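Visitor: Chain by chain, the residues run as shown.
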Amino acid sequence: MRHPIYVIYGVLVLAMLGFAEYRGWSLTRVNEVRNIPKTVRDNPGAYRSHYGGYYRYFGGK
Amino acid sequence: MSQPAANCPNCGALVRFRWSGAVQTTCEYCRSILVRRDVNLEKVGEVADLPHEVSPIQIGTEGTYRNKAFQVVGRILYEFEEGGWNEWHIVFNDGASGWLSDAQLEYVISFLSQAPGPLPAAADIHRARQFNWNGVEYDVTSVTNAHYVGVAGELPFEYWDKRDVTFADLRTADARFGTIDYSDAPPLLFLGEAVDFDALHLKNLRELETETPTSKTAVSGLQCPSCGGPLTLNAAGHSLSVVCPQCHAILDAKDPNLQVLEKFEAKQQIKPLIPLGMRGKLHGAEYEVIGFQVRQTDTDDVPDSWAEYLLYNRFKGFRYLTEYNGHWNDVRTVPVSPKIIRMGVKPGAIVMGRKYTGFDDDLATTTYVLGEFPWRVHVGEKNRVRDFIAVPQILSGEISENEEVWSLGEYMTGGQVWQAFSLPGQPPPATGIYLNQPAPFGGQVSSMWRVFLNLLSGIILLAILFYVFTGQESVFQKRYGFTPHSKAEASFVTDVFEVKGHPSNVEISINTDLQNAWAYFNLALINEATGQGYDFGREVSYYTGRDSDGAWSEGGRKDSVTIPAVEPGRYYLRVEPEMGQDGRSMVYTLDIKRSVPSASFFLIAVVLLALPPILATWRGAKFEVRRWSQSRYASGHS
Chain A
172 MRHPIYVIYG
182 VLVLAMLGFA
192 EYRGWSLTRV
202 NEVRNIPKTV
212 RDNPGAYRSH
222 YGGYYRYFGG
232 K
Chain B
9 MSQPAANCPN
19 CGALVRFRWS
29 GAVQTTCEYC
39 RSILVRRDVN
49 LEKVGEVADL
59 PHEVSPIQIG
69 TEGTYRNKAF
79 QVVGRILYEF
89 EEGGWNEWHI
99 VFNDGASGWL
109 SDAQLEYVIS
119 FLSQAPGPLP
129 AAADIHRARQ
139 FNWNGVEYDV
149 TSVTNAHYVG
159 VAGELPFEYW
169 DKRDVTFADL
179 RTADARFGTI
189 DYSDAPPLLF
199 LGEAVDFDAL
209 HLKNLRELET
219 ETPTSKTAVS
229 GLQCPSCGGP
239 LTLNAAGHSL
249 SVVCPQCHAI
259 LDAKDPNLQV
269 LEKFEAKQQI
279 KPLIPLGMRG
289 KLHGAEYEVI
299 GFQVRQTDTD
309 DVPDSWAEYL
319 LYNRFKGFRY
329 LTEYNGHWND
339 VRTVPVSPKI
349 IRMGVKPGAI
359 VMGRKYTGFD
369 DDLATTTYVL
379 GEFPWRVHVG
389 EKNRVRDFIA
399 VPQILSGEIS
409 ENEEVWSLGE
419 YMTGGQVWQA
429 FSLPGQPPPA
439 TGIYLNQPAP
449 FGGQVSSMWR
459 VFLNLLSGII
469 LLAILFYVFT
479 GQESVFQKRY
489 GFTPHSKAEA
499 SFVTDVFEVK
509 GHPSNVEISI
519 NTDLQNAWAY
529 FNLALINEAT
539 GQGYDFGREV
549 SYYTGRDSDG
559 AWSEGGRKDS
569 VTIPAVEPGR
579 YYLRVEPEMG
589 QDGRSMVYTL
599 DIKRSVPSAS
609 FFLIAVVLLA
619 LPPILATWRG
629 AKFEVRRWSQ
639 SRYASGHS
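Chains as they are written, first to last, in this note's numbering: chain A, 172 to 232; chain B, 9 to 646.
Take these hints with a grain of salt, some might be off.
[What the hints assert, rightly or not] Here chain A is said to cover these stretches of chain B; the calculated rule only asks that three of the stretch's residues, wherever they fall, bring their Cβ under 8 angstroms from a Cβ of chain A: (1) 92-103; (2) 499-509; (3) 541-555; (4) 599-610.
[Unchecked claim] Only pairs whose alpha carbons sit at most 30 angstroms apart, straight line, appear in this in silico DSS-like list of lysine-lysine: (5) Lys211/B - Lys289/B; (6) Lys363/B - Lys347/B; (7) Lys279/B - Lys289/B; (8) Lys486/B - Lys508/B; (9) Lys209/A - Lys508/B; (10) Lys279/B - Lys390/B; (11) Lys495/B - Lys209/A; (12) Lys363/B - Lys209/A.
Because the hints were derived from the structure by calculation, they are not lab data.
Remember, it's a predicted structure, so these values are computed and weren't measured experimentally.
For every residue, glycine included, the Cβ atom is placed at its ideal position computed from N, Cα and C.
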């Protein structure tokens, strides 16, 4: 076998790729919140999102 | 093969012919040269005293050539200024007759051939003259004025009492060989090819006195006539010059009195890295170091010197080890005349079908000699040297007015040389880059890219697996409307949906009908059972219009977010849309999928896999730039 180190490296990359795809890894991060009260189903407005109070730039060309 | 016999007219001894076609033979008892006249033998002369024999071949030696067995039945011996050679007359089982030349243990088999055209007169033949016979280009590589020394055994023609004879040797790029023999009028043409000693499978070789292949021609107990110091000839019979290590007198090794030819003043004593007399094994054969010389070029007025070690094996002949700044080459002469071509802006050469790129063309001067040599060495002698490379090989030509000699070398590391000669310690480290030094990952870059392509096909297979067979399971989809003026609570939760299977990502896509408006979505994906949630927001805005530059648009009506590694379970989405207070409303769709393949990872994997071959290619290219910067043909070289 030629380039055994490269082949081993390549197989590891492929294995890592397969694992990442299988487990659904993502490059983006999403804020994880624990213990959201169950009342949110009955009163969605009572829950304050981390992303609430959004202010945006009114863009356009 | 029939074996006719007759009685010697001189001594009456029975003379047996090995070959029925022989015209001339010699009597083994009285050494008469006998010529056949009809059924009788006539004495025409006597065999001269031949010099000390060093060829491993003798009359009676048997071998094979192109699967045909032959036997050596006769011999003509010539000498010239630079040495001597044997023309062994060989006859094959089918009665055909040919010649096996043995010149300093380089072997050629040739046959008398009909010249396709008239051959030039001896006065008109010169080195580099070309002939094209039957589509093959022959170059005259040397013109030799040889002296007839003697004959022995059976010959296909009368040949005795000769004096000086001119020979023109011809070579081709594929080791074919030719000789124009001016011993007769009109001249004779012999065509054939160079052959390897081992390929001839020779038997019944000459037995010499001592034990090892390298020492059979050694003569010790000699004294330098200049200083009286002891001398040994390791290749007696082949060597033409021997240098006294004590006084640096260059002596005539062919002269029984070792006549002093010249003396040179060594500015300093140079100690060879491999001592003279050291034996080592190369290509399965034992060689002895018998000569050492230092040569230099004066490119750009900067002396550049290298060492050459002459190696000797009684059967295999001579080969060389060259050393420059710790870089070594295993070199042997090759019986070819390369076809010189153009390779872009550089010259090139073709030998045995392989292309070599021109690297250097310079005058080399011999500056120091030690030991013995099968040629007349002169300190201060200059020769044109041309180098062509096909890494790790180097093709070098030494060109003088009357002769050109080509040799082929292969790069060796100091470690390999030290191992071959069992030398103590470590070899000097190699510094710089040598012209035929293999590049790091040399020759491996292309195979590395082939491995990359195989790995890339693995990535493609994984992509097919994830995109076609396993991925993108839709778990929720619903259409909603939103009016910002409404007094009703904007936030709401979706119906519960189930994310099944193994932990996987979840992609939430928002598809709106916005037109010159924006919307912001506060979103939370919440596990109904555990209360664990993923909180995130997404803006969607889409503006379009037309101005002096034409139509324009900005943003998009869609967006999505991927939540990684979501555990299986029952989930719902809390949604809180926002919009500007400009009176417009929107309709949007929430589409939730699990196990969505990520193209980013595939791209990252491709980059990671490409990095090693890219690095190897880059290092190789950098190495080649440094290599070629030393070439005569480098751009900018004066």
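Visitor: Each hint needs a verdict: does it hold in this structure or not?
Guide: Quick rundown of the hints versus the structure:
Beta-carbon proximity to chain A at under 8 angstroms applies to 0 residues in the segment 92-103 of chain B; the threshold of 3 is not reached and the given coverage is violated. With 3 residues having a beta carbon nearer than 8 angstroms to a beta carbon of chain A, the segment 499-509 of chain B meets the requirement of three or more and the stated coverage holds. Counting residues of the segment 541-555 of chain B whose C-beta sits closer than 8 angstroms to any C-beta of chain A gives 10, which meets the bar of three, so the coverage hint holds. Counting residues of the segment 599-610 of chain B whose CB falls under 8 angstroms from any CB of chain A gives 8; the rule of at least 3 is met.
Only pairs whose Cα atoms come within 30 angstroms are accepted, and Lys211/B paired with Lys289/B is accepted, the gap being roughly 23 angstroms. With a C-alpha separation of about 9 angstroms, the suggested pairing of Lys363/B with Lys347/B holds against the 30 angstroms cut-off. Straight-line distance between C-alpha atoms of Lys279/B and Lys289/B comes to about 22 angstroms, which keeps the hinted pair within the 30 angstroms bound. A C-alpha spacing of about 19 angstroms is found between Lys486/B and Lys508/B, which places the hinted pair at or below 30 angstroms, so the restraint holds.
A hinted pair counts as satisfied when its Cα atoms are at most 30 angstroms apart, and Lys209/A with Lys508/B qualifies at roughly 22 angstroms. For a cut-off of 30 angstroms, the pair hint linking Lys279/B to Lys390/B stands: about 23 angstroms separates their Cα positions. Restraint check for Lys495/B and Lys209/A: the C-alpha separation of about 25 angstroms stays at or below 30 angstroms, so the hint holds. Distance hint between Lys363/B and Lys209/A is unfulfilled; the C-alpha atoms sit about 80 angstroms from each other, more than 30 angstroms.
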